[in-house]
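Participant: Sequence:
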Amino acid sequence: MADVPGAIRLVRAGNVRALDPEPAMFDAMLRGWQDQQRSRLLTTKTIVDRLSLVRRFTEFTGTYPWDWTPEDVEAYFSVRLSRGELAWSTVRGQQGSLEMFCAFITDGRYRDAPGERAWSCRRCRRSSCTRRSDATTAVA
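To convert a position in the sequence shown, counted from 1, into the numbering used here, add 17.
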């Protein structure tokens with residue numbers, strides 16, 4: 018299978034082990050998603066805005082994507098709405114962006130090697146899990 022933009026093998030050196038693997042995996046996820054969006058000819062502003070949202074959400078939750086829960090999403094947007102920081106249309110757009118990020122990191126086309134997934138649903142270990150309550154985890 019040919020590598021698709023954003024494939025894990027394109028953003029992670031196969032012979033290098035991270036000293037702190039969680040931030041390294043998260044950075045690889047973001048780089049892969051950035052590459053995938055570039056390959057779809059999205060504007061730089063759109064890509065930067067989406068990456069910034071994922072980073073803000075990660076900072077808000079204090080966890081990485083493989084530990085996110087639906088309650089985290091509800092809390093994040095409730096806080097932002099209660100402060101008057103976002104309009105309803107912005108919330109819907111940002112929720113869609115978070116959903117796209119989660120869809121990317123669980124998409125089997127971006128696996129490390131044939132027959133292997135790059136990251137998958139933490140609960141059921143399926144890369145194609147559609148349950149919104151499932152977070153993702155790296156598959157080494």
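It should be emphasised that the hints constitute simulated quantities derived from the structure, not laboratory data. Mixed in with the good hints there might be a few duds.
Unchecked claim - Label pairs and their in silico Cβ distance ranges: (1) A104 <-> P40: 13 to 23 Å; (2) L58 <-> A120: 28 to 38 Å; (3) R48 <-> D84: 31 to 41 Å.
Stated by the list, open to error - Quick list of in silico lysine to any residue cross-link-like pairs, SDA-like style, CA-CA up to 20 Å: (4) K62 <-> F121; (5) K62 <-> R72; (6) K62 <-> Q51; (7) K62 <-> V96; (8) K62 <-> S106; (9) K62 <-> T78; (10) K62 <-> G113; (11) K62 <-> G110; (12) K62 <-> R126; (13) K62 <-> T80; (14) K62 <-> D44; (15) K62 <-> G125; (16) K62 <-> T86; (17) K62 <-> R100; (18) K62 <-> S99; (19) K62 <-> L103; (20) K62 <-> Y81; (21) K62 <-> Q112; (22) K62 <-> T107; (23) K62 <-> D52; (24) K62 <-> R109.
Cβ coordinates follow ideal geometry from the N, Cα and C atoms, glycine included.
Participant: Quickly compare the C-alpha distance for K62 and G113 to 20 Å and report which way the hint goes.
Facilitator: Holds. K62 to G113 sits at ~16 Å (cutoff 20 Å).
Participant: Does the beta carbon distance between R48 and D84 stay inside 31 to 41 Å, or does it fall outside?
Facilitator: 20 Å, violated
Participant: Has the given pair, K62 with Y81, been kept, meaning a C-alpha gap of at most 20 Å?
Facilitator: 24 Å, violated
Participant: Can you confirm whether the C-alpha distance between K62 and F121 stays at or below 20 Å?
Facilitator: 19 Å, holds
Participant: Within a Cα-Cα threshold of 20 Å, do K62 and T80 meet the stated pairing?
Facilitator: Violated, at roughly 25 Å.
Participant: Quick one, are K62 and G125 close enough, alpha carbons at most 20 Å?
Facilitator: 27 Å, violated
Participant: Mind checking the alpha carbons of K62 and S99 for me, to see if they're no more than 20 Å apart?
Facilitator: Violated: K62 and S99 sit about 26 Å apart, past 20 Å.
Participant: Using the beta carbons of L58 and A120, state whether their distance is inside 28 to 38 Å or not.
Facilitator: 19 Å, violated
Participant: Do the alpha carbons of K62 and Q112 lie within 20 Å of each other, as the hint requires?
Facilitator: 17 Å, holds
Participant: Check whether the Cα positions of K62 and L103 lie no farther apart than 20 Å.
Facilitator: 18 Å, holds
Participant: For the pair supplied as a hint, K62 and R109, is the alpha-carbon distance within the 20 Å limit?
Facilitator: The hint holds at about 18 Å.
Participant: Does the alpha-carbon distance linking K62 and R126 stay inside the 20 Å limit?
Facilitator: 25 Å, violated
Hints 1, 2, 3, 7, 9, 12, 13, 15, 16, 17, 18 and 20, counting from the list given before, are not met by this structure.
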